[in-house]
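Asker: Chain B: place on chain A using the hints.
Taken in order, these protein sequences are the chains called A and B.
The working numbering applies: residue 22 is where the first sequence begins, and numbers increase by one.
The working numbering applies: residue 22 is where the second sequence begins, and numbers increase by one.
Careful: at least some of the hints might be erroneous.
It does not matter which identical chain is used: a pair holds within one copy or between any two.
Using 27 Å as the maximum straight-line C-alpha spacing, the simulated BS3-like pairs for lysine-lysine come out as follows [unchecked claim]: (1) Lys439 - Lys409; (2) Lys91 - Lys220; (3) Lys91 - Lys77; (4) Lys84 - Lys26; (5) Lys91 - Lys24; (6) Lys155 - Lys409; (7) Lys417 - Lys338; (8) Lys459 - Lys439.
It is worth saying that the hints were derived from the structure and are not from the lab.
Okay, here's what each chain looks like letter by letter:
Protein chains: 2
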Amino acid sequence: MAKQKPRTLSGFMELLPEKQVQFEKMAELLRRSYALYGFTPLDTPIIEASEVLLAKAGGETEKQIYRFTKGDSDLSLRFDLTVPLAKYVALHYGELTFPFRRFQIGKVYRGERAQRGRFREFYQADIDVIGDGKLDIVNEAEIPAVIYNTFTALGLKRFQIRVNNRKILNGFYAMLGLSEKSGDIMRTVDKLDKIGPDKVAELLTDEEIGLTAEQAGEILKFIGIKGSQGEVLASLEGYRGRNETFDAGLDELTTVVKYLSAFGVPEDHFTVDLTIARGLDYYTGTVYETAMLDHPEIGSVCSGGRYDSLAEYYTDKQLPGVGISIGLTRLFYVLEEQGYLNDQLSTAPADVLVIPMTADLAPAISFATALRNAGVRAQLYTEQRKFKQKMSYADKLKIPYVAFLGEDEIAQSAVSVKDMATGQQRTVSVDEAIGMVKAGLAGMAGIAPIKEPKV
Amino acid sequence: MAKQKPRTLSGFMELLPEKQVQFEKMAELLRRSYALYGFTPLDTPIIEASEVLLAKAGGETEKQIYRFTKGDSDLSLRFDLTVPLAKYVALHYGELTFPFRRFQIGKVYRGERAQRGRFREFYQADIDVIGDGKLDIVNEAEIPAVIYNTFTALGLKRFQIRVNNRKILNGFYAMLGLSEKSGDIMRTVDKLDKIGPDKVAELLTDEEIGLTAEQAGEILKFIGIKGSQGEVLASLEGYRGRNETFDAGLDELTTVVKYLSAFGVPEDHFTVDLTIARGLDYYTGTVYETAMLDHPEIGSVCSGGRYDSLAEYYTDKQLPGVGISIGLTRLFYVLEEQGYLNDQLSTAPADVLVIPMTADLAPAISFATALRNAGVRAQLYTEQRKFKQKMSYADKLKIPYVAFLGEDEIAQSAVSVKDMATGQQRTVSVDEAIGMVKAGLAGMAGIAPIKEPKV
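The following block holds chain A by itself, in its conformation from the complex:
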């Protein structure tokens, strides 16, 4: 028979079992961390009606969309989890309780140009809090705590959450009489890290944007405000009283900073960064980015912010919210590339490999059943192979314990258990064996999926 060459599409991540376990462990920790903050899990379809999904989209997004027809239906694959959330909240408004806090971890699709580290199918892991009409500022203060605790649970240590407030930026540009140019200015300022202040000043004063040298100087001075959170806030107080929006933003930022220690975020994991703007026509208050300190080139690994209107394309209801998103597939790829995946994390499909040594398999089956009833993952190995091959199977899969049931063991109602890490083997009763394995596994629990390499 002619064979079809098997292949996986480029831009689609497909992991080998060991890596998949590491990925699953990360996703599980995200779910657990999000749940601790009262976010409820949500799942929406991957396919939506195109006119619904693309009500707002345009430009670059629309070009990347996977869009097709099936029968008479014009369908599209979701390209993020925010638009489906907006649809969900508008559609089920009357059946939801607000503030509505949801997390969603799911695949999204973007037909980007294929290149290393860019994915066309990738997981996003989002949380959002949606208010009905209003939403208290404390929700904005809580988000950095979620980010901090989530990355800490994953095992990451050297990261920093960077916060700004769009009202401060908008208010500041209004003070300079530059509101109409604020979009262009922010896009230029965003390049500061890459091209430096001189080049930014040059771009700001060139023909296209057309600022005066004085205005450019004011802007560079403003975004150059650095220091501890207290110092930055103090510097910003110097601008107070000249613009209402600015003052409102400064109040919000001050509140966010004030509550951070009660939320348990250490000061060194958090900074006010006036260069951060994020999605220019969407966010309206606090905005967040998260940087890996040893890999600034990767960009933000968790971003988001406050918005005034989640679902304006679907409903007249005012639905303000705040949310963040982790690009989990991209993050996993980067962590693997940079050697951040913890090889101490158990990736074995089972905790015990049970090898029967007699023709009658019943005692081995009973032992495997007893392990499972005790919550221990057990695999029976009954293939007709040489003993060495059976041990090599456990070895390759990194299964930590191997149990043998031969005639001697069966006669004594016992089992021989080999600890694959130490090589020690003991013949003990079934109950003792289960206890031994459970104690060993308890010692391996709590190992984080990320371990930072020594620099």
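Answerer: Just chain B now, with coordinates in the frame of chain A:
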């Protein structure tokens, strides 16, 4: 602004938060149950190249496929998890360790005619064991144990696993000289439950199939073999020695039955049912179906079997396997329709709603942080609403505990905790409050998502 009416496509399940939690709990129990048997989690892309995905498909499947082009690529959405597994194993053959045991819970797509209870996007929850060249019969005996323990963990009691062996059927039809008609015969016999033996005999002897009355009688007698497992096996022994395939199948079935009690499957949850055939051109040995005893009209909720060749369209390697699949979305729909979802299962997004009663929120935030650090899911409620509305929020979301921090509590370093089920409220220290909540939650743990309604 003109609004786009939000809607979700018909045939796509989108659950409200409470139901979603019930669904997630079921999926989590499936993952846990599958993992206990040494299956490793896998995730493959939802989109595959059409020529890869459809290498084997044809007929009804091909018509239902979501197929489209993006750029120059001819793409399709997966319609099951078996073909992607075959591709995965063929593609990564050299990097896998066999027997390869994987589970996968993921969405698949079939553009079926829309009707109540039929889904176009639905979850399948599959396990498969793939051997390299050979695969021991014990794997076939273990599958009913996985089914039994999985459904039991979900809370289902009144179900029965039905097992047959395709070799027994093929051998039996060979004895009658009817091998070439066996497909037609099995398709007819499959209707026995619905149309009864007389009508089956009529169909078997009509022009299209054309059996003699005697042959039809033999077949009805054979598939009419009923009784305990021992009785059925004894009756089948009466046919031994007339066909090699039959004898091999009977040996396999006998082995499967023999090991079931060691695997912990109670005899009343398991039966040999000679009418079961399943996918006619795929399964080659043991086949499984699972019936809900009080809802036979639903059909099998978990099916599968043994196959000799997983990936023959992609590779010359002989890859025999055995697997089962649960149609999770359909199962969930049926359970909900039939009143099987356990309303005792907690669906709250948080365990404690923390309500600050002072202008300074720091003490409430610190308490919420302490709860989370202790693994308790806590939500701060800081919206400006009347007290009654705050309590109603907890009530609607079924949050079991509400904690208040007013001036009195803060002065005493205490917190008032209300148990929403009993209405009791106590003012205690932070540590006592955490202990109280954790004890209460421990009492609610282990509640299964399914509770059978009293008949």
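Asker: All the hints need checking, so say for each whether the structure fits it.
Answerer: Cross-check of the supplied hints:
With identical chains, the CA atoms of Lys439 and Lys409 are at most 27 Å apart within one copy only, with a shortest distance of 14 Å there and 61 Å across copies. Taking the shortest alpha-carbon separations for Lys91 and Lys220, neither the intra-copy value of 50 Å nor the inter-copy value of 40 Å comes in at or below 27 Å. Taking the shortest alpha-carbon separations for Lys91 and Lys77, both the intra-copy value of 22 Å and the inter-copy value of 22 Å come in at or below 27 Å. In this assembly of identical chains, the alpha carbons of Lys84 and Lys26 lie at most 27 Å apart only when taken from different copies (23 Å versus 30 Å within one copy).
Taking CA atoms no more than 27 Å apart as the test, Lys91 paired with Lys24 passes between copies only; the shortest distance there is 25 Å, against 29 Å inside one copy. Taking identical chains as interchangeable, the C-alpha atoms of Lys155 and Lys409 lie at most 27 Å apart only when they sit on different chains, with a minimum of 18 Å there against 67 Å within one chain. Proximity of Lys417 and Lys338 under a CA criterion of 27 Å is satisfied inter-copy only: 21 Å between copies versus 57 Å inside one chain copy. Proximity of Lys459 and Lys439 under a CA criterion of 27 Å is satisfied intra-copy only: 14 Å inside one chain copy versus 37 Å between copies.
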